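Participant: Sequence order for the protein chains is A and B.
Quick note on my numbering: the first sequence kicks off at 57 and runs consecutively.
Quick note on my numbering: the second sequence kicks off at 26 and runs consecutively.
No wet-lab data here; the hints were simulated from the structure.
Since we're looking at a predicted model, the values are computed, not measured.
The beta-carbon is built from N, C-alpha and C at its ideal position, and this holds for glycine as well.
Treat each hint with caution, since some may be false.
Unchecked claim - To give a feel for the contact side, a few chain A residues facing chain B, derived at Cβ under 8 Å:
| no. | residue |
| --- | --- |
| 1 | 98 |
| 2 | 102 |
| 3 | 232 |
| 4 | 235 |
| 5 | 238 |
Said to hold, decoys possible - Restraint ranges, calculated between C-beta atoms of paired labels, are given here:
| no. | chain 1 | residue 1 | chain 2 | residue 2 | range |
| --- | --- | --- | --- | --- | --- |
| 6 | A | 141 | B | 222 | 38 to 44 Å |
| 7 | A | 205 | B | 126 | 44 to 50 Å |
| 8 | B | 222 | A | 74 | 39 to 45 Å |
| 9 | B | 33 | A | 222 | 40 to 46 Å |
| 10 | B | 130 | A | 102 | 36 to 42 Å |
| 11 | A | 164 | B | 203 | 42 to 48 Å |
| 12 | A | 81 | B | 217 | 27 to 33 Å |
| 13 | B | 71 | A | 223 | 50 to 56 Å |
| 14 | A | 82 | B | 226 | 53 to 59 Å |
| 15 | B | 222 | A | 210 | 37 to 43 Å |
Unchecked claim - Covered stretches of chain A, as calculated for chain B (at least 3 residues, CB under 8 Å):
| no. | stretch |
| --- | --- |
| 16 | 147 to 154 |
| 17 | 240 to 246 |
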Amino acid sequence: MKQTHILILEDAPIVREGLKSLLDSMRNVHSVSIAGTFEELMHMLECKSFQMVLIGPHYLLIYQSQIQQLRSQHNSIKWIGVQYSLFSEDLLNKFDGVVDVFDDQEILSAKLNKWLEAASDEDSQNRESLSKREEDVLRLLALGKSNKEIADELTISINTVITHRKNISQKTGIKSVSGLTIYAVVQNLISLDNY
Amino acid sequence: MMSKNDIHPDSKLSEILINYPYVILLLEHFDISLPVQDLSIAQICKQHNINEALFVAFTNLYCNKQSIPSLNLTSDDAITITRFLAASHRYYSEQIYPEIMQLIEQMSQQNNHREMKLVSVFFADYFKEVTAHLDYENQIFHPYVECLVERDKGIISQEIHINYSVSQYKDHHDDIEIKLTDLKNLLIKYLPSRDDRLIRRKLLFLLSEVEFDLNIHSKIEELILIPLAIQLENKFKAART
Chain A
57 MKQTHILILE DAPIVREGLK SLLDSMRNVH SVSIAGTFEE LMHMLECKSF QMVLIGPHYL
117 LIYQSQIQQL RSQHNSIKWI GVQYSLFSED LLNKFDGVVD VFDDQEILSA KLNKWLEAAS
177 DEDSQNRESL SKREEDVLRL LALGKSNKEI ADELTISINT VITHRKNISQ KTGIKSVSGL
237 TIYAVVQNLI SLDNY
Chain B
26 MMSKNDIHPD SKLSEILINY PYVILLLEHF DISLPVQDLS IAQICKQHNI NEALFVAFTN
86 LYCNKQSIPS LNLTSDDAIT ITRFLAASHR YYSEQIYPEI MQLIEQMSQQ NNHREMKLVS
146 VFFADYFKEV TAHLDYENQI FHPYVECLVE RDKGIISQEI HINYSVSQYK DHHDDIEIKL
206 TDLKNLLIKY LPSRDDRLIR RKLLFLLSEV EFDLNIHSKI EELILIPLAI QLENKFKAAR
266 T
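Chain A extracted, bound-state conformation (with noise of 0.2 Å):
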């Protein structure tokens, strides 16, 4: 399953650490990590990989372009406001999807689900679909293992994985380990912190 990270930037103490503990509770949120400013948003952007963002709707209106570039360069990543106060409706539509003050924990979680999920979707039709099985083999690989250790870790042959392994390059057009190493970082199947 793909790693999710999520990142909030929320002035509010309340609304911040409860969003985060709520999180933090879900299956499949690996990590949930909080930006005290919007330059420290920008930082971690840079640094790390993210699925999704959680900010608060007014700094859309005070960083509106930086925003939009954000969103250009990292356009996989879902932008969430925060609502718990009147803003116009025309803001909000700006956002990738809205969670509400109100919201328990259920409604959140479904939330989350959808848009992650369609995220996932973009993102493997951009891949020309490597199948799971394939995004494992390829993780492992990017790791450093070698076909035996891929083929036990998965309790699958090492002709299976040498299968896996020559349609992970043609679908993707690359064949060295390095380089697959790169583009296994590049769609978030491993963080650098992996490697």
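Using the hints, position chain B against chain A.
Facilitator: Leaving out everything else, chain B in the frame of chain A:
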């Protein structure tokens, strides 16, 4: 029948160059400088003491014509070929690869996505592999071919035993084009961009240029030089038995 586009000893180099600018790489590897006036291939070959048939065959490769005619080559041609290949090695290691490396550095500064750092490392590692490959040819295989030639011409004794053979080279001869294609794919399909359109385009053009030249380089090694070296080896073996 010979068509207008066919390359033959009477073809004018200037006309070929206008249509196929990459032929300038061939001239450089033969150490021939522009301008070439209205000289024909035959005239240029005479000036530089190069076998016409060999020159025509190489030019055809640089004009995207894939097939290599059967050539009746001598040991002198083997020297011409190793010099040509050595010159192209210098073009790789002193010119185009450093240029590519510089652009990757520039792109990495412009586009500070974390993946770009990996690309820098990827290319630096690849450059080391290429250097090792070229060093092996410069230091072992080409001198070996020169030795075969000297023995063939009686410059050194037929009795001298050289502890090496073309088959060893064939085993050692690996493919150095794969990672270039990988990088092209990464740049074209995957690496995120940031105001790097110009650098990325320059980089892709350079990668295509070196890929083009390397492709012909391998063909010359595999389809012309190796068979010729084997022929010289066999001649010696036959003489001994």
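Participant: Does each hint fit the structure? Answer for all of them.
Facilitator: Against the structure, the hints come out as follows:
no.	hint	verdict
1	98	violated (12 Å)
2	102	holds (7 Å)
3	232	holds (5 Å)
4	235	holds (3 Å)
5	238	holds (5 Å)
6	A:141 / B:222: 38 to 44 Å	holds (41 Å)
7	A:205 / B:126: 44 to 50 Å	violated (32 Å)
8	B:222 / A:74: 39 to 45 Å	holds (43 Å)
9	B:33 / A:222: 40 to 46 Å	holds (43 Å)
10	B:130 / A:102: 36 to 42 Å	violated (18 Å)
11	A:164 / B:203: 42 to 48 Å	holds (47 Å)
12	A:81 / B:217: 27 to 33 Å	holds (32 Å)
13	B:71 / A:223: 50 to 56 Å	holds (54 Å)
14	A:82 / B:226: 53 to 59 Å	violated (43 Å)
15	B:222 / A:210: 37 to 43 Å	holds (40 Å)
16	147 to 154	violated (count 0)
17	240 to 246	holds (count 3)
In this structure, the earlier hints numbered 1, 7, 10, 14, 16 are contradicted, and the remaining ones agree with it.
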